[in-house]
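Student: Given next are the chains, with one letter for each unit.
Protein chains: 2
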Amino acid sequence: MSKAQGPVIPHPQAQTIDEPARVEIEFSPSGKIARVPLGVTVFDVASWNALAVDSTCGGHGTCRKCKVQIVSGDIQPGTADARAFTEDELEQGWRLACQACAFTNLKVNVPELTTRPKASTVGVGRQVIHRPTLLKRFLQLPEPDLVDQRPDLRRVLDGITDMTANVDPMVVRTLPALLRKANFEVTAVVVDDVLIAVEPGDTSDKLYGIAFDLGTTTVVATLLDLSNGMPLAVASMLNMQQQYGADVISRISATMLDPQKLFDLQRLAHETLDQLAGEVCDEAGVDRLDVYQVAVAGNATMVQIALGIDPEPLGVAPFILAADEYPDVRAHELGLKVNPQARATLFPALGAYVGGDIVAGALASGMDRDQRVRLFIDVGTNCEMILGNSEKLLATAAPAGPAFEAASIKCGMRAAPGAIEVVKIELDSVTLGTIDSKPAVGICGSGLVDAVAELVKVGLLDESGRFVTDEAAKEISLILADRLIMRGQERVFMLTSGQDGENEIFLSQRDVRELQFAKAAISTGWAILLEEYGIEQKDVQQVLLAGSFGSYLSAKNAKAIGLVPNIATTRILSAGNVAGEGAKMVLLSGSERNGARSLTKLVHYVELSEREDFNDRFVEELAFPV
Amino acid sequence: MSKAQGPVIPHPQAQTIDEPARVEIEFSPSGKIARVPLGVTVFDVASWNALAVDSTCGGHGTCRKCKVQIVSGDIQPGTADARAFTEDELEQGWRLACQACAFTNLKVNVPELTTRPKASTVGVGRQVIHRPTLLKRFLQLPEPDLVDQRPDLRRVLDGITDMTANVDPMVVRTLPALLRKANFEVTAVVVDDVLIAVEPGDTSDKLYGIAFDLGTTTVVATLLDLSNGMPLAVASMLNMQQQYGADVISRISATMLDPQKLFDLQRLAHETLDQLAGEVCDEAGVDRLDVYQVAVAGNATMVQIALGIDPEPLGVAPFILAADEYPDVRAHELGLKVNPQARATLFPALGAYVGGDIVAGALASGMDRDQRVRLFIDVGTNCEMILGNSEKLLATAAPAGPAFEAASIKCGMRAAPGAIEVVKIELDSVTLGTIDSKPAVGICGSGLVDAVAELVKVGLLDESGRFVTDEAAKEISLILADRLIMRGQERVFMLTSGQDGENEIFLSQRDVRELQFAKAAISTGWAILLEEYGIEQKDVQQVLLAGSFGSYLSAKNAKAIGLVPNIATTRILSAGNVAGEGAKMVLLSGSERNGARSLTKLVHYVELSEREDFNDRFVEELAFPV
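Line order of the protein sequences matches chains A and B.
The numbers in the working numbering rise by one with no breaks, and the one at position 599 of the first sequence is 599.
The numbers in the working numbering rise by one with no breaks, and the one at position 300 of the second sequence is 300.
Just chain A, same shape as in the assembly:
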């Protein structure tokens, strides 16, 4: 079970920290529990967890429909709440979910939907009007006679009075027998103005889509009821391709050494996608055959491998995509055993390392619609960034390396139960938070950023990233200096004692260097984007930290180590799984899909490896801000 799905149990240590990095929200009556970064709205958390909350305004506090009841935990009513509720209701904990930012653990009661929603709020405050390209029409057709000899297909098309559709040739094959067996009462299934199926009887209430975030590490699926836009289930699992290496380069290498491996990897991608499809359908009690459309947001390598396209040109200079925009394919070509006629939409890409996942994230973040200049960062082995606003957008990808996945970190581990993800260092104490409050097993990416930031804060790491001398450490704090010891040839800082059955977990000098390299690559990336854009750090009005890793970073510590521009911490936001949100959006709305396509034309890609000044600037960026 992954973070995306919860439930996650809070750890007592975190509660003792003055500013907890995570809060837990428990929803009733569903029983779902989510552990999320501080300050996220209840509305967003519900949306990320496939819980439908009424809304028509897009989370701006104006429609006053997203009413939830805060059963425990503290949320002060705001201006919008005061207008939306009576004093009695406010007393009983009623709040607008879109205004309710979680700064403490919460228990939230979500009322049943009272209206059939016409829009959903997804991504970062994006309001999406429901205009899915998947439509069904129940048709009660007149039976043919000698006066009305219209061909079967014509009869069906004439019956669809509110649109004109092209026809998939497969539909005609079974049409004559089907129409007569069903006494000319059938349901037409149309995707993107193409009649893809005709079904006997009235099946018009059964139309589902699945949005996939096909990540290198984690794959997430959300089942959507496209009759009302409601998310019904979310599931996630590790990409089965993991056995071929943690990052895209190792998977590309595998195919280069043995071309047959491409098809092994393709099969593993298909199995991953199909298993998730099965899980979300099972959870929601939906028949797989009623899924007619899927959307897949993935990086370029994941998408090419899933389609069986040789990824080699992505892995070697000059880093060339097979295609930036794909025609829709059949879902079965991605190994999905859903409706045989189901269509799959693949996100367009900006470059070999700014793939469909990033375009989906940019879409979900409204990068092309917001007048504020914003910086979108998907933190990971390869770190993609987009800077700009509705006027102008620049993108780049920086080779951050594996530090955030913690693969190259001595005591590193991926974000799994027992991973240290929160570190608080005071002169007299070290406090750790682990995922699921399990005994600490290792340190994951967000814990690494915390640890380094805190060590810089107390002065045990200097600006250059070097541990201070033992003497200097003792001057700072005897308690902390005790933890600064040698392990093998290296100086390390002990996060745990390693005694009394505890695992020994430490941060080594080399670990710090790994993180410095990663953060330098990233900050060089956005620094070059800022320069190309002609603005400075302070002009960035919002930073969005995206991706399964970025969303869990502490904004304060990300800023402390210089991973993000130096702006007010409140302007640095967790964006959640925006790639998955983008995938949901294109299922909910055809115009959003067009938006994704036009995004690729709006964004100008800046290639870093071509720049002569990259290495110089990279070295400058290695240091931590003072």
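Derived from the structure by calculation, the hints contain no laboratory data.
Worth double-checking, as some hints may not be accurate.
Identical copies go unnamed one by one, so any copy, or any two together, can satisfy a pair.
Quick list of in silico lysine to any residue cross-link-like pairs, SDA-like style, CA-CA up to 25 Å [said to hold, decoys possible]:
1. K337 / R173
2. K337 / D168
3. K601 / G159
4. K181 / P318
5. K556 / E391
6. K474 / N109
Nothing here was measured: the structure is a model prediction, and the numbers come from that model.
Fit chain B to the known structure of chain A by using the hints.
Tutor: Positioned in the frame of chain A, the structure of chain B alone reads:
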């Protein structure tokens, strides 16, 4: 080997007839021999036999390019010839092929093409400008580098500078490896604005299409070089579905009794089409994989079976088509082992019994372009008719029954070697012409029409279709009266003596009735069309007899028995295999294909079985004209 392909050897008897019904044209240097109805132009015969003759004017005698040399046989030079040639040339037999109507046997020398033709004359004097939707472009693409990181697909699409193309998803799969192996020198294959393939190197001179006339009895294939519109080979064979019955109704019945039979029939159609594809490719030395597009003109039943669509609703009232217009399918879905990405265009249909073959015929006859009011008749078991001009078109289908296929005729046979196809009866003699001049085996449809017409002419059959009494016969001619004898319970007219090893072939009273029924159905059909159109027989300015059977009818005798309106014999023309010609046209020109589609919207279908007066009028039409 069928009529469509020749060679056919003339029979001595025919030469003795004052007006021979067939002439033979032998072409050099190809050596092809064709036997054709009287009065057809050399140009048309060459076209039907895949012999390219220069032309740009569409057979109107104005471009003066279609020069051929009449080596033997007689063709008087006309006005256009006098302008086109010197006296010496005329003396040497040079004529314009489009003006040279064959009324005697001919030997014709066809010079090599001097120009790359930009247009072809096909069908009934239709001039088709070459604008195939199959196009190839050889691309020498710049190799990618860090400055030019365009995706592979974008690079290819950018390289196609003269059009914008959509993309078949399959193309992308192999593109990265293919481009690099071919050093970015590739050929793009585009059909209908869709990039269907990218091939290594320059293959731009290899682009072929096959036009199929998928008949219930006979299937004809013409291979076209779509780089210049030239026909390269023609082949024909019996539809392998014959084992399931001679007509569409028996084949539909087979599928109704056992649904599995649909797939047997489908397989047989596929095998027939594919065998012909192999034959034409072999004959022309063309690689099957270089065939990217096919067009199929067939009646509704043949098309539905070939696609695996249950034909039952076509066979029972109210006679409903699965579709009047099909989206393009892949050629491999028709069993064709040509290029795996090849597309197949299927002609739209007007009704269950006015199928794509008739639409193809109407297209090839220019029914929608000619200002003259014309009547197009495809004579067969089911007889389709279209009446009108560019202003207004009416169509219907008449159930003529199997008389013309000769299946219900005592000594009947289909048009194969040894079939009597020409009958001449004088008071003192009976002269027969057989196909390939083989000893007479039976009588085929055109022979039947001839025989009945001649018997009416000499007076042995009265207006009502009854053989006259023996006494009356003797008054007419003792020689002929000798042939009017009893066979079993029936009076018959002996065509052969049945002695000296000769086969006994006769025409029975019931045979005459069968033909009367057929002709009455047909003439009732066009009489109703004339009435609906508000015109009379004399207003019909041209009758086109189409189809493998209709084209071989004697115009004079068709008129004599009332099968066609009573207009000047010179206005009654053999149109040849117009369905196949229509199929060629849609390969040669995308706008002709659009024309076929719009034809279905122009033509109003008149359902005969719905008319209360049909039976009355049918009975009236049974009589022969006096």
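Student: For each hint, tell me whether it holds in the structure or not.
Tutor: Hint check:
In the homo-oligomer, the alpha carbons of K337 and R173 lie at most 25 Å apart both inside one protomer (21 Å) and across protomers (21 Å), since each shortest distance falls under that limit. In this assembly of identical chains, the alpha carbons of K337 and D168 lie at most 25 Å apart whether taken from the same copy (19 Å) or from different copies (22 Å). In this assembly of identical chains, K601 and G159 lie within 25 Å of each other by CA distance solely across copies; the values are 19 Å between and 38 Å within a copy. When the C-alpha separation of K181 and P318 is checked against a cutoff of 25 Å, the pair qualifies only between copies, where the shortest distance is 16 Å, while the shortest distance within a copy is 58 Å.
For the homomeric pair K556 and E391, neither the shortest alpha-carbon distance inside one copy (29 Å) nor that between copies (79 Å) is at most 25 Å. Proximity of K474 and N109 under a CA criterion of 25 Å is satisfied in neither setting, with 51 Å inside one chain copy and 110 Å between copies.
In summary, the structure is inconsistent with hints 5, 6 from the numbered list given earlier, while agreeing with the others.
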